[in-house]
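Protein sequence lines correspond, in order, to chains A and B. All letters in the first sequence, in the order written, are residues 1 to 557 by this note's numbering. All letters in the second sequence, in the order written, are residues 558 to 819 by this note's numbering.
Because the hints were derived from the structure by calculation, they are not lab data. Quantities reported herein were computed from a predicted structural model and do not represent experimental measurements. Think of the CB as a built atom: it goes at the ideal place given N, C-alpha and C, for glycine as much as any other residue. Treat each hint with caution, since some may be false.
Computed, partial: chain B to chain A, Cβ under 8 Å [said to hold, decoys possible]:
#1 T614
#2 M617
#3 F618
#4 K743
#5 F749
Next come the chains, spelled out residue by residue.
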Amino acid sequence: MSATTNTIVVLPDQETARLPKRNYLNNEHGLLSWLLTADHKRIAMLYLISITFFFFIGGAFAGLIRLELLTPQPDLVAADTYNKFFTMHGIIMIFLFLVPSVPATLGNFLIPIMIGAKDLAFPKINLLSWYLYMIGGTLTLAALVLGGVDTGWTFTTPLSTHYLNTHVITAATAIFVAGFSSIFTGLNFIVTIHRMRAPGMTWFRMPLFCWSNYAASVLMVLGTPVLAIAIVLVALERLVGIGVFDPAKGGDPLLFQHLFWFYSHPAVYIMILPGFGVISEVISTFSRKRVFGYTAVAFSSVAIALFGFFVWAHHMFIMGVSNYSALVFSLLTMLVAVPSAIKTFNWSFTLQKGSITFETPMLYAFGFIGLFTIGGLTGVFLGSLGMDIHLTETYFIVAHFHFVMVGGMLMAFLAGIHFWWPKLTGRMYPESLSKLAAVTTFIGFNLTFLPQFILGYLGMPRRYHAYPPEFQVLNVLSTAGATVLGVGYMLPLLYLGWSLKYGAIAGNNPWQATGLEWQIQSPPLTENFVETPIIDYEAYDYEWLERKQHEGVTTVG
Amino acid sequence: MDNAAITLNEPLMPHEEAVSGRDPHGHVMLPQHRHHFETEEQQREAGSFGMWLFLLTEIMFFGGMFFAYLLYRNWYNPAFVVASNQLNVVLGAINTAVLITSGFFMALGVYAAEVRNRSMLVWMLILTSVFGCIFLGVKYFEYKEKYEKHHIPGVNFNISEFVNPPIDAKTHKPDQPAIAPDMAQKTQIFFFLYFGMTGMHALHMIIGLGLLVWLIWRANRGDFSFGYVAPIENFGLYWHFVDIVWLFLFPLLYLINRHPLK
Numbered sequence: 001m002s003a004t005t006n007t008i009v010v011l012p013d014q015e016t017a018r019l020p021k022r023n024y025l026n027n028e029h030g031l032l033s034w035l036l037t038a039d040h041k042r043i044a045m046l047y048l049i050s051i052t053f054f055f056f057i058g059g060a061f062a063g064l065i066r067l068e069l070l071t072p073q074p075d076l077v078a079a080d081t082y083n084k085f086f087t088m089h090g091i092i093m094i095f096l097f098l099v100p101s102v103p104a105t106l107g108n109f110l111i112p113i114m115i116g117a118k119d120l121a122f123p124k125i126n127l128l129s130w131y132l133y134m135i136g137g138t139l140t141l142a143a144l145v146l147g148g149v150d151t152g153w154t155f156t157t158p159l160s161t162h163y164l165n166t167h168v169i170t171a172a173t174a175i176f177v178a179g180f181s182s183i184f185t186g187l188n189f190i191v192t193i194h195r196m197r198a199p200g201m202t203w204f205r206m207p208l209f210c211w212s213n214y215a216a217s218v219l220m221v222l223g224t225p226v227l228a229i230a231i232v233l234v235a236l237e238r239l240v241g242i243g244v245f246d247p248a249k250g251g252d253p254l255l256f257q258h259l260f261w262f263y264s265h266p267a268v269y270i271m272i273l274p275g276f277g278v279i280s281e282v283i284s285t286f287s288r289k290r291v292f293g294y295t296a297v298a299f300s301s302v303a304i305a306l307f308g309f310f311v312w313a314h315h316m317f318i319m320g321v322s323n324y325s326a327l328v329f330s331l332l333t334m335l336v337a338v339p340s341a342i343k344t345f346n347w348s349f350t351l352q353k354g355s356i357t358f359e360t361p362m363l364y365a366f367g368f369i370g371l372f373t374i375g376g377l378t379g380v381f382l383g384s385l386g387m388d389i390h391l392t393e394t395y396f397i398v399a400h401f402h403f404v405m406v407g408g409m410l411m412a413f414l415a416g417i418h419f420w421w422p423k424l425t426g427r428m429y430p431e432s433l434s435k436l437a438a439v440t441t442f443i444g445f446n447l448t449f450l451p452q453f454i455l456g457y458l459g460m461p462r463r464y465h466a467y468p469p470e471f472q473v474l475n476v477l478s479t480a481g482a483t484v485l486g487v488g489y490m491l492p493l494l495y496l497g498w499s500l501k502y503g504a505i506a507g508n509n510p511w512q513a514t515g516l517e518w519q520i521q522s523p524p525l526t527e528n529f530v531e532t533p534i535i536d537y538e539a540y541d542y543e544w545l546e547r548k549q550h551e552g553v554t555t556v557g
Numbered sequence: 558m559d560n561a562a563i564t565l566n567e568p569l570m571p572h573e574e575a576v577s578g579r580d581p582h583g584h585v586m587l588p589q590h591r592h593h594f595e596t597e598e599q600q601r602e603a604g605s606f607g608m609w610l611f612l613l614t615e616i617m618f619f620g621g622m623f624f625a626y627l628l629y630r631n632w633y634n635p636a637f638v639v640a641s642n643q644l645n646v647v648l649g650a651i652n653t654a655v656l657i658t659s660g661f662f663m664a665l666g667v668y669a670a671e672v673r674n675r676s677m678l679v680w681m682l683i684l685t686s687v688f689g690c691i692f693l694g695v696k697y698f699e700y701k702e703k704y705e706k707h708h709i710p711g712v713n714f715n716i717s718e719f720v721n722p723p724i725d726a727k728t729h730k731p732d733q734p735a736i737a738p739d740m741a742q743k744t745q746i747f748f749f750l751y752f753g754m755t756g757m758h759a760l761h762m763i764i765g766l767g768l769l770v771w772l773i774w775r776a777n778r779g780d781f782s783f784g785y786v787a788p789i790e791n792f793g794l795y796w797h798f799v800d801i802v803w804l805f806l807f808p809l810l811y812l813i814n815r816h817p818l819k
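Based on the provided sequences and hints, a complete structural model is requested.
Structure, rendered in structure tokens:
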């Protein structure tokens, strides 16, 4: 690798290179060997296929929403059908895509390898978690096919309990079951990271990907059961008329809001924290530097998890909570910006004086940092009481959380998929196409959601299928952007699928990265390591890697 | 480890799993040892840590209902007091004793597994289940009593007893103070929570009894007679957790108004 090349990719000689004879993909054959597997890598692949499926279903609903909003008149669908569209879009994207996206796929695949273990602590529970996810997904599809749900993804009472005749119980059961899948994933990660680390793998030698998934797991384990009980009470209210949330019987709908947001606010950190982990890995690898302020980045994940539990009522500022509690929650909300900013600044300092190269994962990571910063800062606007009362229930909110969730998390997910694809499959994707996809996604995203900030600020409310004609120009821009974004998401599906058979053989460590996962064969063996690795170096130690390559041997099987 | 020195592109030899009951490092492998754990110690620690975490999620699950209880008890205290008086303290106290006894036998069961005493373990697990069943039986009669008194929330819910308390035959006075009809309606919230919380607790007991049947069958087969106590120990944690939930439910639901200063 000469100093003048602008890439760090080193692929083996394609004439002689072969995929390893034995790996987790060909260790066993047949459908049953996949459906009954306890191998964390195979379960990760099952998850990857399932969440991709649901992502495109949720995406189709996003497309329908944007299509309806192309014109100010309600001309494509009726109001209640539109309500079903955004409800299904929300439920599918949040519970079936974003929450499991990085942890259940990349986390499942990589956490045991990164800490030098053969598998997660509870392989069967891991498989059970995938089945629960699939049951939740099937029930969601059932609710959809039977006629849909129109509560919004928040199941707000008394709308969900008294005024709707759609398939609320089916959808609620789906979320209840999918919630347990997420609890089991989190539980597995926490126990694995505590108890299964290889000799020498101390907490502060772990890659930051493990730290952020650990923090997200704590949120999953502590938050999800509260959502479960809230949803059980909603279902009981519909089924047998239990009145815990029914004002006519002395109940309080606000209690539902508290219970729901006690999970659903931390849930946004469940979604974004694993993405932070991906970005730390990618930025470090493509700057050839240790992550700046490793300890600060590690603890900021934990801080976000901790603060995340004390800000939920900022979703309820206009719902009649007392001014004093709104004040406190507004202040606490501002506090979350601190650890998030620590991360962003540390990534920027990692780039400083690094040998930066612009491979696909890095492009996605750059997209992430910019878009997440915008999403995060608009979150500070919304956390301020006065601004929130003006902007809540408008497209400003929609743009804000899409910047964090799509611009942030989805970019991070794609960065991670592109970064570890050679490890997952042993093959490389076409670099130029993937760069094109990254750029298309970035352009399409901004075109879709930047106009929505303006729309929201001007006062266009969310969740309506019609709007005043003066908003049309910005809405047309947004719909056009959504089309570009759709192309940006279809491209990876095509070329990654293509690469499974025709991609170049990637070799063990195409990025010359330091992580333990790059020191083993790609795709890995079923048991990951031939011998238990002993870790005697820090994470992201590029000098160690250079020394190792110089000696031409690897210390890990 | 450092001597392993395997070059990157060489095909890697499969990791030979303990064929002769010994792992590659020469340690004796017990049948329950799962291949992905380095040592059995690690396996046991991971298992019990996982169980504690699961119990933490259970605490959060019940926590939602306890929070609702806290809120409504503060709002509708008079209704909660009179409704609580309708619960049968004697049956509740008996059930508390029954459940503690069941937990006691469970603890003895863990001990029996640790000393590798098969017949004692089987008997302790059977006794645990018997007392668990007694608890549910008593609960059935309590629920039935609520049904007969029209204290099940819904269309047949009857507040007359709270608005016009029955006159005691001896003292010729109402046996408890009357409350206004709108507050009396709020007794429904108490009974929602009573049925919700005790029902969820009973559901956990039923799941526990199902697991006990499975454990008794395995214990009888001799699975836990050679030092493999993890499943018994972890189930014990679950069973004690269910006991502890009841130890909170009993005073909160039955004893609100029964303090000495009354």
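Quick rundown of the hints versus the structure:
no. : hint : in the structure
1   : T614 : holds, 5 Å
2   : M617 : holds, 4 Å
3   : F618 : holds, 4 Å
4   : K743 : holds, 4 Å
5   : F749 : holds, 5 Å
Violated hints are absent here; each numbered hint is respected by the structure.
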